[in-house]
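There are 2 protein chains.
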Amino acid sequence: MASQQEVKLYGSWRSGFSRRVVIALKLRGMPYGFVEEDTQNKSADLLKYNPVHQKIPVLVHNGKPIAESQIILEYIDETWPGYPLLPQEPYDRAMARFWAKFIDDKCLKSVVKASWGPVDEQEKAFEEVQENLSFLEEEIQGKKFFGGERVGFVDIVGNVIGYYLGAIEEALGQEMLTKEKHPCLYEWAHEYTSCNIIKENHPPRDRSVDYFRPQIQASRASN
Amino acid sequence: MASQQEVKLYGSWRSGFSRRVVIALKLRGMPYGFVEEDTQNKSADLLKYNPVHQKIPVLVHNGKPIAESQIILEYIDETWPGYPLLPQEPYDRAMARFWAKFIDDKCLKSVVKASWGPVDEQEKAFEEVQENLSFLEEEIQGKKFFGGERVGFVDIVGNVIGYYLGAIEEALGQEMLTKEKHPCLYEWAHEYTSCNIIKENHPPRDRSVDYFRPQIQASRASN
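So the protein lines, in turn, are chains A and B. Note that UniProt numbering has the first sequence beginning at 1, numbered continuously upward. Note that UniProt numbering has the second sequence beginning at 1, numbered continuously upward.
If you are wondering where the hints come from, they were derived from the structure by calculation, not from laboratory data. One or more hints might be untrue.
[Stated by the list, open to error] Derived lysine-lysine pairs resembling DSBU-like cross-links, with alpha carbons at most 30 angstroms apart:
hint, chain 1, residue 1, chain 2, residue 2
1, A, 42, B, 101
2, B, 64, A, 101
3, A, 109, B, 64
4, B, 144, A, 48
5, B, 106, A, 55
6, B, 199, A, 124
7, B, 109, A, 48
8, B, 106, A, 48
9, A, 106, B, 64
10, B, 199, B, 113
11, A, 101, B, 48
12, A, 144, B, 199
Please work from the sequences and hints to get the whole structure.
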């Protein structure tokens, strides 16, 4: 049945949001086609499929588009059987949604501000990053993954911390997630990036560092 | 069984986010206790239950807290049987989540910016409001409610447009949602505020206007 379905993902190799969907589809064992988008010159298809935000990722299932990475993950979880992304119990599901939202709304925003933001706001943003990571530190304590014994919804959304933060730190020449301050989260990031599914489906670290470096330099130069 | 459960909502009469949870619990027929929070002087309970954001609403079910209004609505939908908030089909669910997120991330932010934001950014924000409302106009076309024939997830989240925008407009002395520009959305707002469940569980319009007016005046004075 799955083979009769047309599943296309519009994304970009460098987008952590696209990577989340890739990971979810791979975990689910769902075959799909990947359309690499040039975010500087968006395709007519992307603009048609996501007229509101005009952003990747967009998953198109039998011609019907779904945008926003976390919403796509929920859709995958509800549509095809297989590896579960969200936990089963309503309270655990609510907690997973809470932390995933926290990662996007708070952690990621503070990391971006500390790395690319106006220079005079970077110090404050760096403190916010530390505070946000401390909340995640508390949450991951005593667990291998946010999803328990295996990678789940929050881990996949957490790729921006588990994978991309390391590349940003290297491009920036400044650490944010350290073994001293956030030992459990640091260990989680290590476990996470060591998983085959994550390693195989994220760009090589050097390539991400090379992508972030000029952006950081341009932002510093313009400040 | 329901009567053996302890359900407490920490909220505020004036918060649209709290009202969403009230509406969902009422539609679901779930008895609950309401704890009115003074957002200027937050209770120890609120800080304990939502240490990350320290914000209302928080639903506490048998001692376990859930924060963030949309996440609480999903929890209610998954926990107790009764009136369904989200649609049943995965694609429809994804669309409902998409529009609900759009309302919070885009519409509401542009309304706040146009009303309370820095004076020199208000004109641009006003245009953003118009553009955002146009997307909702397109989505509601041909339907009574976003949920179809009856109030659903998007309608409940949409209280910030359906109910509160009117009060903000009145306090501001400027219309944003007009019959001329957005006839279907305008009609939806009318239908929505005419529902007994909405009327009975939102503060009287005058009280909301009185709440918004000094905020708008203070913001204008400080600009």
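For residue 106 of chain B and residue 55 of chain A, compute the direct alpha-carbon distance and say whether it is at most 30 angstroms. holds (14 angstroms)
If you draw a straight line from the CA of residue 101 of chain A to the CA of residue 48 of chain B, is it 30 angstroms or shorter? holds (19 angstroms)
For the pair supplied as a hint, residue 106 of chain B and residue 48 of chain A, confirm whether the alpha-carbon distance does not exceed 30 angstroms. holds (19 angstroms)
Please work out if residue 42 of chain A and residue 101 of chain B have their alpha carbons no farther apart than 30 angstroms. Holds, at about 23 angstroms.
Can you confirm whether the C-alpha distance between residue 144 of chain A and residue 199 of chain B stays at or below 30 angstroms? violated (48 angstroms)
Between the alpha carbons of residue 64 of chain B and residue 101 of chain A, is the straight-line distance 30 angstroms or under? Holds, at roughly 19 angstroms.
Does residue 124 of chain A lie within 30 angstroms of residue 199 of chain B when you go C-alpha to C-alpha? violated (43 angstroms)
Is the straight-line distance between the alpha-carbon of residue 144 of chain B and that of residue 48 of chain A 30 angstroms or less? Holds, at about 25 angstroms.
So if I understand the rule, the pair passes when the alpha-carbon distance is 30 angstroms or less; does residue 109 of chain A with residue 64 of chain B pass? holds (28 angstroms)
Does residue 64 of chain B lie within 30 angstroms of residue 106 of chain A when you go C-alpha to C-alpha? Within the cut-off at roughly 23 angstroms; holds.
Given the hinted pair residue 199 of chain B and residue 113 of chain B, is their Cα-Cα distance within 30 angstroms? holds (27 angstroms)
Between the alpha carbons of residue 109 of chain B and residue 48 of chain A, is the straight-line distance 30 angstroms or under? Holds - the C-alpha atoms of residue 48 of chain A and residue 109 of chain B are around 25 angstroms apart, at most 30 angstroms.
The structure fails to meet hints 6 and 12 from the earlier list, while all remaining hints are met.
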